[in-house]
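Here is what each chain is made of, one letter per residue.
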Amino acid sequence: MSNIKKAFENGKAFIPFITCGDPDIETTKKCVLEAVDSGADLIELGIPFSDPTAEGPVIQEANERALKGGVTTDKIFELVRDLRGKIDIPLVFMTYANVIFSYGAEKFFSICREIKIDGVILPDLPYEEKNEFLPICKKYGVDLISMIAPTSEKRISMIAREAEGFLYIVSSLGVTGTRSEITTDLKSIIENVRKSTKIPCAIGFGISTPEQAKKMADLSDGAIVGSAIIKLIKEYKAQAPVKVGEFVKEMKKALRD
Amino acid sequence: MSSKKGRFGVHGGQYIPETLMNAVIELEEAYEKYKNDEDFTNELERLFNEYAGRPSRLYFAEKMTKDLGGAKVYLKREDLNHTGAHKINNVLGQALLAKKMGKTRLIAETGAGQHGVATATAAALMGMECVIFMGEEDIKRQALNVYKMRLLGSQVIPVQSGTGTLKDAVSEAMREWTRRISDTHYCLGSVMGPHPFPTIVRDFQAVISKEIKMQILEKEHKLPDTVIACVGGGSNAIGSFYHFINDKSVKLVGCEAAGRGVETFETAATIATGRLGIFHGMKSYFCQDKFGQIAPVYSISAGLDYPGIGPEHAWLHDTGRAEYVPITDEEAVKAFEYLAKTEGIIPAIESAHAVAYAMKIAPEMPGKIIVITISGRGDKDCAAIARYRGENINE
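Residue numbers (the working numbering), protein chains in the order written: chain G, 1 to 257; chain C, 1 to 395.
Looking at chain C on its own, in the form it has when it is part of the complex (with noise of 0.2 Å):
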């Protein structure tokens, strides 16, 4: 699907400084020699099942697909991994390059702090030493995982400039990794950036939809008609998708972050609002005004906050294979609220985004089998939707 230079359609490309051409031509050399190699396969196999918890079960929710009273409802329960999200899937196999390569430090942009904690993770398994580059607003709303970053070890700075969310986070670390290239590693969480880490990041995201395939023909003999997943980046979604691209009877939903509508201007949903663009490193859509500049975007998930998407997802939607929708900050709490009451599952408010939508489709699909990827565990989301409900709990 990716061309030699990571194009996915018009998308993708190297849109970086002069600097750090030869640390992503490296980068892509080393991935090209131990992708396929035995002996780096079958060590990040063992950390993904020893290490990680894998394979994360395919759950069938019961409750929830008789209370909707439509199609099937499972669940791929990415929340049950170490450290609580799909992000450790990406994270174990770049640390895993990244010690091949001699590289002794990693760098990370982290929203919700879900990257950063696996990476800091990644690191101290690993014995690297570790950066997390987190927007202002981010480490307000995110407190316990800055405690939890620098319990593992790991260094957490302060992005001040622009938003102080995500996007400038990203581009610290970019203008970090400028700075320092000889020893260090930029462990990018997203797929986004540069070729080769859209791709990169897919191919260790894959794994959710390589599992989802096996774990749904073992239960219902059949592939599903609908798998959804929420999009910000949009690494769990194009890990959940991935090996369903050419099935194509499978319905592939991906369900950015309208915020507050997409109607106002504090929303982060890039497909419904933005535009085509090049932006940190890549070229895809992104929210911007007329003349360019990147917009502010917001969402209450500080995942998903983010003004652009990966080139793989731009051209997903380009040729009509994947579906993206917009889902309000409001429809994402109700989600997460109903989702803890009727299966007993907290889910990220990420993931919730995705629950959101399968909750508006099921009714109208009896017979049908629909996946939604709860990409990580809602235990950091807790009391920011306690605010949004207007009660104020001490975390």
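The shape of chain G in the complex, shown without the other chains (with noise of 0.2 Å):
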């Protein structure tokens, strides 16, 4: 059992994504000590990845700027262990199965027992490949964290029974992106989900204001947000960090009135 749990005990958790060197590693240190101390509950630290087909345009730019800007998942490791000294939040990473294949899974996940990850996301691992390396995970104590959709209809329960972290709901059909509207009948599937498990969900995919975020975390136990962060850091580069800053302040307060 990892440490995600505690990520749900200060009420609706707010989990940020961001992109790891985008567009360099020191501000995406700055960004996620800001977003720690704006009462981020949990973040989800993105390992670029060439071609991440889940993702829309802006996570896709993210990923090619911090490739381009020389990151290595190597260079990951270093700034976890860097931000451990500092933060005791729980950690995920979220990236692509061919980089941990690619790592070797072994000697990856051993890595993240060390540096104090949480769990991983990998929307290209579904239920039916999880034993890719869901034995490696559990012999480092690092969380394989399953992914509901809204097409996912008779597998909910067969995917929530054996989830571990937390759940993560995706809101809509399509890839990552902000959306102006989410029209997926997630009470329903959540409804479904907690007849399976205990663990948290947390809804993402298109939420980006604080009324979407509020909305999406009364259905569920957290909202989490990429793209509208990854925004703010394409535009206020060295400056991200205060943004990202205030915008977990802003949607971590819509969260708990």
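To be clear, the hints were calculated from the coordinates, so they are not data collected in a lab. Glycine is no exception: its CB is placed at the ideal position from the N, C-alpha and C atoms.
Rough simulated footprint, nothing fancy, chain G against chain C, three-plus residues with beta-carbon under 8 Å: (1) 268-282; (2) 285-299.
To give an idea of the interface, some chain C residues facing chain G are shown, with a C-beta separation under 8 Å as derived from the structure: (3) Gly-13; (4) Ile-16; (5) Met-21; (6) Asn-22; (7) Gly-162; (8) Met-174.
Hints given; two lone chains; assemble the complex.
Printed below as a string of structure tokens:
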């Protein structure tokens, strides 16, 4: 059992996503520290991948910027090692299967344990393929976080029963990116999930405003926001950490109200 | 050969977002239901024969045989199919299946544009909406095919992400499929991607080797010694190999695009330069860096310009049942010109990779029989080859 449950002990959780190394490691580090100071409950750290098939244009471009800037898996491990001297909230990696497979899963997860990474989210590793990494995740005490999509239907209970850490509920069809409206019947999906598991559920994909975050968190245990934060980082570059902090504060406040 | 979960040895699988899982399960169920359904197979055979012009000829290349002075060379003329390539075999099968599943819209990726044109054709024929994703770079290289797709009533969406080539077109088509599943079938063009695609596409392309076997037995009363095909994702190659896999005397050779050479970074030769990885829904060999970032690949051929290879090929390589050899741009262009001058047949630059390898080995194989699959015709490549030779022509 990882520390992830702690993220949900402080009211509804706010979970920001940040692509590591966009535009550079130093900015990522400052953004994470600001986000933690501003009340983030758990942070998703993206390890960039050249071909992120589950991402919309905003996060795709962040991946490209980060890789162009020379970030690597090893440099991201160093970043987390450094951050771990300063923060103790749960941290999870979000990346693609090949990044871990290519690094060597055994080596990857053993380093995760050492630097206190609590979980991993892999959008291209569905239930059917989770044994690719699950035994090694268990060996090193890293939660393999499962996703549930609007199309999951009969698969919900199968996925939820074996889920670890928290369940990532995908709000809408399609890829990541901000949306003006979320129309999925999330209420019934979450009701279904609750029948099979006690672990917390957080909703992500398409959330960008405090109102949306509040609405999503009311239905679940927390809200995940990626593209809206990446947009701030793109716009404000070296000045982004302060803006990210203000954004997180505003979101967390909306979830508390 | 494939296990229940769509594995070929360690390769294959279903490494895709949860959003798509029910879609591929639904596809697998539909395929299992229809693949042995008499109405379905009769209808597909009728389309193959009446519409696509099958069976394609197995042509004895007498002048080439004499000139090379060794093995007897036969050409499997997939270039004579309607739309000019083997791609139509798979597309007619998948479009018919999609229609049975109640889908009204086809989406597809394309590299050289052959699969895009074939999909647009099937969509026009069956009255379906069609959207083709094509890399920006490939749109520049293959203007004629882009025009054809639009003429056939399809929308062509330029893909700017990544390297603007085939892999990015696949990624974008996958993203589009996650956006819109209920009425849309993703008509994947090669033996790649998540299960059941590698199996479905292989089965529809297997008509190539089924015909080769019948035709060569009729002409030569024995099996060929070697079957050669070009490999990008590998659909014409698996189609050419499939019915010979259990005939151990038949050597199977896949020709990869080496681009400017396997010792350079400008190559697309996956078996020669790639490593085991997970990408585009499958475990297989991929060109990638040490951190698993997919490498930008290069070949003069837009259809072979892909950083991976289908999982069944990866497995045929592992078991040694098939051999994969790299062919450079220069060798392929020479073969393109050679076949035009020697036999009066202009092959696709993709297929020219297979011709190039046959030219290397035929002289050393007297008394033997080689079959080369000419997967497509080369009209689409003439302008690019002219440019390669320093000549600018208007298409």
